[in-house]
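Participant: Add chain B to chain A, keeping to what the hints say.
There are 2 protein chains.
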Amino acid sequence: MLDLNEYTITAEVHRRFAGAPDLRLREILTALVQHLHDFAREVKLTEPEWMTGIEFLTRTGQLCSNTRQEFVLLSDTFGLSQLVVAQSHSREEGVSEQTVFGPFHVEEAPKVAGLNSDIAKGATGDPLYVSAHVLSAGAPVAKAVVDVWHADADGQYDVQDANWTIEKSRMRAVFETDADGRIGFWSVLPKSYPIPTDGTVGEMIRATKQSSMRPAHVHFRIRREGFDTLVTHVFANGDTYLDADAVFGVRSSCIGNYESRPPGIAPDGRVMARHFFTLDFCFVLEPALTC
Amino acid sequence: MLDLNEYTITAEVHRRFAGAPDLRLREILTALVQHLHDFAREVKLTEPEWMTGIEFLTRTGQLCSNTRQEFVLLSDTFGLSQLVVAQSHSREEGVSEQTVFGPFHVEEAPKVAGLNSDIAKGATGDPLYVSAHVLSAGAPVAKAVVDVWHADADGQYDVQDANWTIEKSRMRAVFETDADGRIGFWSVLPKSYPIPTDGTVGEMIRATKQSSMRPAHVHFRIRREGFDTLVTHVFANGDTYLDADAVFGVRSSCIGNYESRPPGIAPDGRVMARHFFTLDFCFVLEPALTC
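Protein sequence lines, in the order shown, are assigned to chains A and B. Every letter in the first sequence is one number past the one before it in my numbering, and letter 58, counting from 1, is 58. Each number in my numbering comes from the position in the second sequence (counting from 1) with 1000 added on.
These aren't lab readings, by the way, just hints derived from the structure by calculation. All C-beta atoms in this analysis are idealised placements derived from N, C-alpha and C, irrespective of residue type, glycine included. Check before you lean on any hint, since a few could be wrong.
DEER-style ranges, computed between Cβ atoms [claimed, not checked]: (1) A:T165 / B:M1051: 22 to 30 angstroms; (2) A:D3 / B:P1140: 23 to 31 angstroms; (3) A:A162 / B:D1161: 49 to 57 angstroms; (4) B:D1022 / A:T165: 38 to 46 angstroms; (5) A:D3 / B:D1180: 26 to 34 angstroms; (6) A:C282 / B:S1211: 54 to 62 angstroms; (7) B:S1065 / A:N163: 24 to 32 angstroms; (8) A:C282 / B:M1051: 23 to 31 angstroms; (9) A:R15 / B:D1268: 40 to 48 angstroms; (10) B:R1270 / A:R15: 31 to 39 angstroms.
So here's chain A without its partners, still in its complex pose (with noise of 0.2 angstroms):
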């Protein structure tokens, strides 16, 4: 069609997608399409506005690597990643909640740790024994794979190290559940952080004014067959932060204590000479769909 206007262009945009075989991509791209146009005829958006919104993006893939995801961290900022894991989960009762994902997961990471190693690996901030429990409809759920990842005491995960491998992963590790559903490791208490503001999306949140901070977390994926995997957080109780977190993704249910220890013995049997942190806190499975 000749001679389109900012008006008529939609449909014919639309007319286009029409023979896509793919009928759930035809509704996805039609629904795009027709909500990106309106965008842009309701701000009557400019061709200079237009080319920063390209450059933007540009620059927002081009940050990205294997050790940093930009366009996640932007999506998480403008709240999509957690309204579209909120609606994608619909918890009963007693289960555990899902929230974002975040940008810094390592899907290669290192191998099953075993009982009560210190996946801390030198990392800075005081001892943590975190012990946590699986458990689906009040049993065990034993064999569970649990990822485990977060930041130190300066906010820093280690793939935010410009020299971090594989092998140099701290914070990091993937446990498997024992028989009674259990695990347990030392790390470094986590401590609330900006998210990272030297791309793209730190130039979005200054522009307005924003608080690019996250309360103290740390994450956790569990997986087993059988059930929905849960990718959640346990935020730390008590953090400033709780009630701003820049990306949206605190959940009550989601709330644990860290709590502070004096100098003895942890639950692992380990003697502290030192002050130590202890989290305890249990994971509720949902049984997965099943056709």
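Facilitator: Chain B only, in chain A's frame:
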């Protein structure tokens, strides 16, 4: 705010933008997030679909270089570019119409070329002599800076050659109109061609079974102080794809006659031993709005 769900999260994201000192930025981000969230809710976007989108955008950014702009191409094929162009220029009758910029313009193009120079530099295709006249309100516009760029008979732009450098520019030049508002140059006849389909846009085009073709055209950008910059194409009359441009850019007023000529004397006096083509086109600029 804690425990945001897929409905309550939108107002919370808007609240975070509310402190942006730049009111236009606030307006744009607020509308963008509203439409992004509405889109995700409307199609009930799933987590795997979200991740497909993240990966698509990431790869789109990473395909961009100083000679390739995949995000511009994506915007073009989504009809967004032409929508923004259309709503940015409401031309009076008789003034040249704008169309999309496309992904192949090079800002640091070759220096101003002389009258009747040959910019093809050995590119494949039938010889073409272009004579262009730049007017405004019936009077010639002298010293207008005219960027010209186009593809060869195989549909390739110079910058699509991996070995391209600015010194190797072909079918790409900058001219200045003379006292009569005229430029003239030799090049090769452009042909209809597919947009680049070796990237993410190509994946989208194939998945939706769309045509990737654009009708043959030469790009022009005409700039002169005191006039609204004109970014346009001259499309080839009779081209098969005029009605189905992959980037929605064809305006009736931007169709020109690329006329076949027998061997003989060309408009600039050159004697042609073989047949050639001519294009004679008149551009009409709009005076810039003054405050």
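Participant: Hint by hint, say whether it matches the structure.
Facilitator: The hints, checked one at a time:
A hinted range of 22 to 30 angstroms for the beta carbons of A:T165 and B:M1051 is consistent with their spacing of about 24 angstroms. With their beta carbons about 28 angstroms apart, A:D3 and B:P1140 fall inside the hinted range of 23 to 31 angstroms. The hinted range of 49 to 57 angstroms is not satisfied by A:A162 and B:D1161, whose Cβ atoms lie roughly 34 angstroms apart. Separated by about 41 angstroms at the C-beta atoms, B:D1022 and A:T165 satisfy the suggested range of 38 to 46 angstroms.
At roughly 30 angstroms, the beta-carbon separation of A:D3 and B:D1180 lies within the given 26 to 34 angstroms, and the hint holds. Between A:C282 and B:S1211 the CB atoms are about 56 angstroms apart, so this pair conforms to the stated range of 54 to 62 angstroms. Checking the proposed 24 to 32 angstroms range against B:S1065 and A:N163 shows it holds: the Cβ atoms sit about 27 angstroms from each other. Taking the beta carbon of each, A:C282 and B:M1051 are about 28 angstroms apart, inside 23 to 31 angstroms as hinted.
Our hint of 40 to 48 angstroms for A:R15 and B:D1268 holds, since their Cβ atoms are close to 44 angstroms apart. Between B:R1270 and A:R15 the C-beta distance comes to about 45 angstroms, which lies outside the given range of 31 to 39 angstroms.
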